[in-house]
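Dock chains B and C against chain A, hints included.
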Amino acid sequence: MSTRAMNLIHNDRLFPADPVMRGIARRLHAEVRGLPIISPHGHTQAAWFANNQPFPDPAKLFVQPDHYIFRMLYSQGISLEDLEIGVDELKDPRRVWRIFAENYYLFRGTPTRMWLDYAFQELFGLEERLSGATADLYFDVISERLRAPEFRPRALYDRFHIEVLATTDSPLDSLADHQAIRDSGWKARIIPAFRPDSVVDPDFAGFEKNVAKLGQITGEDTGSWQGYIRALEKTRARFKALGCTATDHGHPTALTADLPAADAARAFETVLTGHADARQKELFRAQMLTEMARMSVEDGLVMQLHPGAYRNHNRKVYELYGRDVGADIPVATDYVHALHPLLARFGNEKNFTLILFTLDETTYTRELAPLAGHYPCLRLGPPWWFHDSPEGMLRFREQVTETAGFYNTVGFNDDTRAFLSIPARHDVARRIDCVWLARLVAEHRLDEDEAVEVAHDLAYNLVRKAYRL
Amino acid sequence: MSTRAMNLIHNDRLFPADPVMRGIARRLHAEVRGLPIISPHGHTQAAWFANNQPFPDPAKLFVQPDHYIFRMLYSQGISLEDLEIGVDELKDPRRVWRIFAENYYLFRGTPTRMWLDYAFQELFGLEERLSGATADLYFDVISERLRAPEFRPRALYDRFHIEVLATTDSPLDSLADHQAIRDSGWKARIIPAFRPDSVVDPDFAGFEKNVAKLGQITGEDTGSWQGYIRALEKTRARFKALGCTATDHGHPTALTADLPAADAARAFETVLTGHADARQKELFRAQMLTEMARMSVEDGLVMQLHPGAYRNHNRKVYELYGRDVGADIPVATDYVHALHPLLARFGNEKNFTLILFTLDETTYTRELAPLAGHYPCLRLGPPWWFHDSPEGMLRFREQVTETAGFYNTVGFNDDTRAFLSIPARHDVARRIDCVWLARLVAEHRLDEDEAVEVAHDLAYNLVRKAYRL
Amino acid sequence: MSTRAMNLIHNDRLFPADPVMRGIARRLHAEVRGLPIISPHGHTQAAWFANNQPFPDPAKLFVQPDHYIFRMLYSQGISLEDLEIGVDELKDPRRVWRIFAENYYLFRGTPTRMWLDYAFQELFGLEERLSGATADLYFDVISERLRAPEFRPRALYDRFHIEVLATTDSPLDSLADHQAIRDSGWKARIIPAFRPDSVVDPDFAGFEKNVAKLGQITGEDTGSWQGYIRALEKTRARFKALGCTATDHGHPTALTADLPAADAARAFETVLTGHADARQKELFRAQMLTEMARMSVEDGLVMQLHPGAYRNHNRKVYELYGRDVGADIPVATDYVHALHPLLARFGNEKNFTLILFTLDETTYTRELAPLAGHYPCLRLGPPWWFHDSPEGMLRFREQVTETAGFYNTVGFNDDTRAFLSIPARHDVARRIDCVWLARLVAEHRLDEDEAVEVAHDLAYNLVRKAYRL
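Residue numbers (my numbering), protein chains in the order written: chain A, 1 to 469; chain B, 1 to 469; chain C, 1 to 469.
Excised from the complex, chain A in its bound form (with noise of 0.2 Å):
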């Protein structure tokens, strides 16, 4: 048997063998797929886009940002220094590159090995599968392409029919990229997503100085508790008067609270010594989850809460190499519990969007799917990071739809690095969706007219609605 693919990607790559269903997902994709992207929670970099320099290398590009690809080489063995993560300038990128190739049969099976693929073959043209043997090949036609004009940020975001792409910021940050692409008259919609847990976490690195470094921007006394939330609310209309609709709220549980004022005040301060202990800290975390919350109700900005992810869980590496390398695990999370403090207190909002995200898929069927089909604040974000794969997508439809319907979700976010992953991402989810529904159609619990306006919405209009864009 030859070990020659004739194309990396297939037209009806996952869709369901049997015809039946075959038939109606292809129906139902090929009325989505043309749809413009929206990218309402992703990783990307704004200065990309002002700046409009080139790409580098395919090391630099695919291998050394993207954890999901050397958290997998380094499970089996390989060093994170042969494969130079962590260094600025690479010394050896077609080595690296040769090195993840001869490995890329460990993908298999992995969501990882569809967007590679697809953008090797899509955005590359790129027609034999990566191995040791096509490695320089890959090295060298790859390296080519990304010297051409039409390989630019700004042109791969419209070849991508990007509709609204957003990016992920620091309330510390003065936001002059996203100034800047405004400024330059490019017709993007490119806008920031507020993430405070640099100023809201006192487990984050440098929590003390963030603090004192947002009262500097804002001019506001962050010493004290009415200054330090004057200065986030401050912050939040300064993100929103540059289009950004959404917060983001990355916290080890999803536990909130609702002290009073003076309690809120005293936590806030024994955090800002450097000497809580964990259980203050926590307490202190919840209670911020809840100030976000009163915030938004006010201003209007989405709130997104995305817990239960252990952090830097290997020492050896984290001391090595840092935060964001593959090292996250997910725990068990709890939410019932949990959220009951901000819902009690703004569950019922009219004026009020939380999106709710899991690592736990226990809490699929058992806890978020009962309570988003319940409180008119509550949506469910897409099946996320470990769980933004075929499987994990179907799994998240299949248990969540029939208790919280399909109106009660938000459609996809890529949640990437990886720009040049954006267009197999949502694919992915696309095709997903319509497997579902296709599956849906074929066993008669659901009309196919009805399957068509559930595959719009899912791909485009719910999370344009959701995200107030």
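Be aware that a few hints might be false.
[Claimed, not checked] Only pairs whose alpha carbons sit at most 35 Å apart, straight line, appear in this in silico DSBU-like list of lysine-lysine:
hint, chain 1, residue 1, chain 2, residue 2
1, C, LYS316, B, LYS281
2, C, LYS213, C, LYS316
3, B, LYS281, B, LYS234
4, B, LYS465, C, LYS60
These are calculated hints, taken from the structure and not from any lab test.
Chains B and C only, in chain A's frame:
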């Protein structure tokens, strides 16, 4: 594409697209579709059958009592006030109906939609999809039909081919309606089930008064532990005399205890003061489950346990609208440690059946199937509440069968307040069981003649046996 | 419809009905069905192969040792006394066999049924389904065959095409049977595995005596921490000399600890007094896992961890019949926090492999796949015990592959006490892996030439590599 469906429900609904599996599912279903309905656990009202009055208008019939419906509408921002929830005489039932009809698309992909379409077509002959455009047509057609004699409760009972129907009743209920049905000479088997939460759960509204009232009814001194226990035993006997074969217990957790008699008495005294703390209340409930098990060993009533809901999670909605309005949310539930005290005492008793339900599907493979696959007293109740759905039922069979087999399960419970949904719910359960069996047959994991036998057992025999009917 | 099956097992058993997927599954399975069996983890007895005596009658062979079988019978009210469980010489094996045969329908839809039918047909040539009607036929046919030379243990080992078979052995075992096999000159690779629970778990019956006996065997003073550790190291070396490549640890939880040496010594002294409390025992077990990891780093034995069973849940049955009688029940299991101490110390070691198993499937996507997809030392064991079943194996692949890939898994373990079920169990595993791969190929998520490679790896190569065979 037309927005009109030719029919609301299809003859092959829920069957897999694959022609081999669909063929087998059809054959199996043909064997069981005509079997009588046994409904051993539900929330219909004996008064309906005692009085045999016509059901009121469509809004009062379908929308107002069904928290599956109005929680979904509420989750999308429709106020309970506009839906006239909790109102005795609807001011504008047609307006309520229209709101529901206009938002019927929210139920796409949910079992509620499937149950409703079944009733609309099978009972009312409606064939166009419910929507804003057809709202008035529906309202008029249904209103007219409800006035006809063949839509009275007793006529529907016969038409639905029900063999046994159990209600759920408080120990404080006189069961006068049940007596009246018997006295009327109408040949139907409508029986009570003994649900003592109101006199067993110290967190139940009015607990102390309820216990006192239980004393008055039974002529026992329910201020003493011995009198309280005797009062419960007497009431069980009273229920049994009217055909009751089962008890039902809705506890926050599955915790059981097996205290020495003196400690149990002291726990009772403590909760009766009204000053017990959360731990003391939980311990009392735990002890009462073991007391109920002892009574079951003695009087032969089958025991049902439904744990794991955080009741009335939405504080504001509870204050305005009370219990059972769609704001009960499941929580993670332990059975292995929790049931140990009860099982250590009665787990090997010959004359004891304890049927377990769950809202935490993670316990299917981890706890419930292994427990039921060992203890002779244990049986698994069908997928419950949020999981009474096509996907929920498939997950149940897929996750439970390999460890517990089919014969440690007990057929279907419709558990419904909506009398008109009973045939639709049993229809879904029978179809999904046939789908699961068809897959086993198609994959040569079970011969078709055996599958026919199992289909009969799941639809009819197991429920009769488990509930001792 | 006839109640006779033409055959007990079908050539296409477990393959999907869909003709495209079935075709691919057949082709993949044809590539691997003939590969030798490697069984790196199980509970067969070396004595069988050392002595090579005939197996006794069908009841003694199939029913008595197999808690999968008699727990199901017990769950349906059949007494363990009637099944002669725990009896050395069966009084009436034919009667036990008949009870089993009459209740064989209880196993419909279970893997036990599939394994048994495989053995009945493939080994004994039986083609009519087991039932009350065929009980005597089965008893007679099987009894006769068992007397033939080709049914002796060594002949079956060869017939089953086994390449390596690991037993599971206590450090107190002399391994005389293993030595005898080697001395006999019979060409078979039957090796011990080091399972130290009896001298490491203070809750193990006879723990203090076992530790003392370990001292006698090794000539070390196991009353001291240093002597105890040396005794364990010596015993591992003794096992290694007889071909052992792996250790196995069955703990109630996955908790690990990394205490300073003085604290570890003190913990040992405490548990050796016999007066340690539950917390102290758990801490000692936790520390011992990290000690075992250190030894593995040094001697290269692969470490296996099987946590999460509540042992001997049924108190009465335990008192009458002892351990391993089908009353062990899984509980919720945490890995992320529990393994942190061990992983912080040895997680990045090159010469260390820790294979994790679980009875809590919720950890597949949430904890185990993310951990194994990062740490170089971690591999995921196959679905275990209750999950060693077609649905259990499919859930494993569906939930693990997208995050951990195929190459962080280790092929199949049959883990069985029932020697005759070994080919059937490996047959199920190979088929289900081909089913999963066939779906990936049919949905254009993997090319077929790659799937062939993966099928070989899952059936043969990965287990050899992971267990260093």
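Does the alpha-carbon distance linking LYS281(B) and LYS234(B) stay inside the 35 Å limit? Cα-Cα ~24 Å, so holds.
Does LYS60(C) sit within 35 Å of LYS465(B), going by the straight-line distance between their CA atoms? Holds, at roughly 32 Å.
Has the given pair, LYS316(C) with LYS281(B), been kept, meaning a C-alpha gap of at most 35 Å? Within the cut-off at roughly 29 Å; holds.
Quick one, are LYS213(C) and LYS316(C) close enough, alpha carbons at most 35 Å? holds (30 Å)
Violation of the numbered hints given earlier is absent; every hint is satisfied by the structure.
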